[in-house]
Amino acid sequence: EPEVTQTPSHQVTQMGQEVILRCVPISNHLYFYWYRQILGQKVEFLVSFYNNEISEKSEIFDDQFSVERPDGSNFTLKIRSTKLEDSAMYFCASSLAGYQPQHFGDGTRLSIL
Amino acid sequence: GQQVMQIPQYQHVQEGEDFTTYCNSSTTLSNIQWYKQRPGGHPVFLIQLVKSGEVKKQKRLTFQFGEAKKNSSLHITATQTTDVGTYFCAGLHNSGYALNFGKGTSLLVTP
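Same order as they appear, the protein sequences are chains A and B. FYI, in my numbering the residues of the first sequence are 1 to 113. FYI, in my numbering the residues of the second sequence are 1 to 111.
Check each hint, because a few of them may be wrong.
[As the list claims (entries may be wrong)] If you want the ones that stay clear, here's a sample from chain B, every Cβ over 12 Å from chain A, calculated:
1) Asp18
2) Ser30
3) Val50
4) His75
5) Asn100
[What the hints assert, rightly or not] Quick list of the computed label-pair ranges, beta carbon to beta carbon:
6) B:Thr20 with A:Gln11: 34 to 40 Å
7) B:Glu67 with A:Leu113: 46 to 52 Å
8) A:Ser55 with B:Ser26: 18 to 24 Å
9) B:Glu67 with A:Ser66: 40 to 46 Å
[Stated by the list, open to error] Cross-link-like lysine-lysine pairs, in silico, BS3-like; alpha carbons within 25 Å at most:
10) A:Lys42 with B:Lys103
11) B:Lys51 with B:Lys36
12) B:Lys36 with A:Lys42
13) A:Lys42 with B:Lys70
Hints in this document: simulated from the structure, not taken from any laboratory. From the three backbone atoms N, C-alpha and C, an ideal C-beta is built for every residue, glycine too.
Produce the complete structure using the sequences and hints provided.
Following this line, the structure appears as structure tokens:
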């Protein structure tokens with residue numbers, strides 16, 4: 001069964017540094033998403049992406065965050081200047097269409113020191 | 001803002017007992033999706049409910065969507081140790097495609 005893949009599985013970064021999290025969505029899916037989950041808490045929406053542009057973003061997704069689809073397969077989340085409170089599990093998801101089920105990758109655990 | 005509430009937060013049952021988790025939205029949903037997350041894992045899609053009053057079954061799991069499309073429930077009959085994990089409901093509102101997750105119900109099943 002096709003799946004969403006994310007790299008790296010764990011990223012440790014110094015506060016203030018830039019970090020890029022990578023995702024390969026399911027190949028025929030058109031909608032891509034980033035979510036985050038702080039340890040022990042619920043999954044929170046960050047951003048959705050369709051047709052090479054952001055379609056929706058949450059209050060969490062401020063100017064420090066950006067997303068990109070640099071080629072036909074990758075979907076990246078960049079945090080420009082990381083803060084301690086950015087430490088979380090970041091999940092990428094994709095769906096065939098906007099109202100279709102979203103399929104999640106294994107996540108990247110981001111630890112900010 | 002749009003909120004999805006889920007109860008209970010935790011549930012500890014003996015193997016063979018039933019389990020139910022409830023989800024309630026402050027606003028009408030276009031659809032609701034249910035996910036299961038094992039400790040250290042990622043949310044795994046279980047089911048999507050779209051129609052008012054819809055009921056779907058997957059083996060021992062029964063999912064319901066309320067008539068007003070504001071609440072939903074997941075019922076597991078005769079739990080097994082493999083059912084352990086956190087069950088999340090996640091609602092889609094008419095305004096977009098962002099899943100709004102509940103806080104989840106963590107299920108522990110002891111043999």
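**Verdict for B:Glu67, A:Leu113 (Cβ pair) under range 46 to 52 Å** = holds, 50 Å
**Prompt:** In terms of Cβ atoms, is chain A entirely out of 12 Å range of B:Asn100?
**Reply:** violated, 7 Å
**Asked** Regarding the pair B:Lys51 and B:Lys36, is the alpha-carbon distance no greater than 25 Å?
**Response** Status holds; Cα separation ~21 Å.
**Range hint 18 to 24 Å (beta carbons of A:Ser55 and B:Ser26) holds or violated** = Holds: the Cβ-Cβ distance is about 23 Å, inside 18 to 24 Å.
**Asked** B:His75 clear of chain A by more than 12 Å, beta carbon to beta carbon?
**Response** holds, 20 Å
**Prompt:** In terms of Cβ atoms, is chain A entirely out of 12 Å range of B:Ser30?
**Reply:** Contrary to the label, B:Ser30 does not stay out of reach of chain A, its closest Cβ about 6 Å off (not over 12 Å).
**Asked** Has the hinted range 40 to 46 Å been met by the Cβ atoms of B:Glu67 and A:Ser66?
**Response** Holds - the Cβ-Cβ distance for B:Glu67 and A:Ser66, about 42 Å, lies within 40 to 46 Å.
**Item:** Nearest-CB test (12 Å) between chain A and B:Asp18
**Value:** holds, 24 Å
**Asked** Does the alpha-carbon distance linking A:Lys42 and B:Lys70 stay inside the 25 Å limit?
**Response** Distance ~19 Å between A:Lys42 and B:Lys70 Cα, so the pair holds.
**Request:** Measuring Cβ to Cβ, find out whether B:Val50 lies farther than 12 Å from everything in chain A.
**Result:** violated, 8 Å
**Asked** Quick one: are B:Thr20 and A:Gln11 within 34 to 40 Å, going by C-beta?
**Response** holds, 38 Å
**Message:** With the threshold set at 25 Å, check whether the alpha-carbon distance from B:Lys36 to A:Lys42 stays at or below it.
**Reply:** holds, 12 Å
The structure fails hints 2, 3, 5 (numbered hints given earlier, in ascending order).
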